[in-house]
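**Student:** The residues making up each chain are set out below.
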Amino acid sequence: AAGVIQSPRHLIKEKRETATLKCYPIPRHDTVYWYQQGPGQDPQFLISFYEKMQSDKGSIPDRFSAQQFSDYHSELNMSSLELGDSALYFCASSLGLAGVVQFFGPGTRLTVL
Amino acid sequence: AQTVTQSQPEMSVQEAETVTLSCTYDTSESDYYLFWYKQPPSRQMILVIRQEAYKQQNATENRFSVNFQKAAKSFSLKISDSQLGDAAMYFCAYRSIPGGSGYALNFGKGTSLLVTP
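Top to bottom, those sequences are chains F and G. Note that the first sequence covers residues 13 to 125 in the numbering used here. Note that the second sequence covers residues 2 to 118 in the numbering used here.
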């Protein structure tokens with residue numbers, strides 16, 4: 013069965029640079045969630061989208077923005093990167109906001125030098 | 002806001018034995034979902050088991066079962082016949098129902114499970 017796809021899988025950036033992370037949900041899934049997992053930490057919710065509209069917002073820095081496109085894929089844009097942004101970024105998808113289970117992608121590991 | 006607490010940072014179990022991971026949560030909502038996710042060294046987040054709060058029957062998935070005590074706000078995971086492949090970080094997570102306080106997963110800090118031969 014098709015799973016959530018995230019690209020790139022690994023990304024290395026310098027401080028103050030920008031980064032774009034992409035997420036392709038499971039086919040027919042219209043809801044996407046973004047989570048950030050720092051080293052040794054639990055995943056923290058950043059933002060979610062349903063039918064191309066922002067549905068919920070968590071602890072997402074103002075330097076970050078995200079959107080969901082007509083094909084339901086989503087992109088997380090990160091600007092003015094800081095060392096503390098180094099983390100594993102997960103995308104998860106579900107079928108509708110009422111979809112009980114969120115299926116996670118493999119994550120994008122971002123390293124900021 | 003809901004909080005999820007996993008009081009055991011690390012646990013160890015011998016192969017073929019049984020281990021129980023603890024999770025408590027705090028919420029004012031009467032209906033919600035609870036989950037256990039497994040994160041092996043690959044860092045992939047894998048759903049182990051889920052429980053709907055309105056269901057009194059404890060969920061079971063093969064060797065994995067939960068003990069859901071709604072009044073005590075407790076949701077422990079029991080792994081029977083432990084296997085080497087069970088070694089991972091286990092996260093307990095809470096999610097509101099539609100119309101509740103949001104749809105994001107709220108995770109505990111995790112319990113690292115070591116399985117010894």
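Calculated from the structure, these hints are not laboratory results. Backbone N, C-alpha and C define an ideal beta-carbon position, used for all residues, glycine too. One or more hints might be untrue.
To be verified - Among the chain G residues that face chain F by a calculated CB cut under 10 Å, a handful are:
no. : residue
1   : Lys71
2   : Ala73
3   : Arg96
4   : Pro99
5   : Gly111
Stated by the list, open to error - Here are the simulated DSS-like pairs of lysine-lysine, each with C-alpha atoms no more than 30 Å apart in a straight line:
no. : chain 1 : residue 1 : chain 2 : residue 2
6   : F       : Lys69     : G       : Lys110
7   : G       : Lys110    : G       : Lys79
8   : G       : Lys74     : F       : Lys69
9   : G       : Lys110    : F       : Lys34
Said to hold, decoys possible - Some but not every residue of chain F turned toward chain G, in silico, with C-beta under 7 Å:
no. : residue
10  : Asp54
11  : Asp68
12  : Ile72
13  : Pro73
14  : Ala99
**Student:** Which earlier hints turn out false for this structure, listed by number in ascending order?
**Tutor:** Failing hints, ascending: 1, 2, 12, 13, 14.
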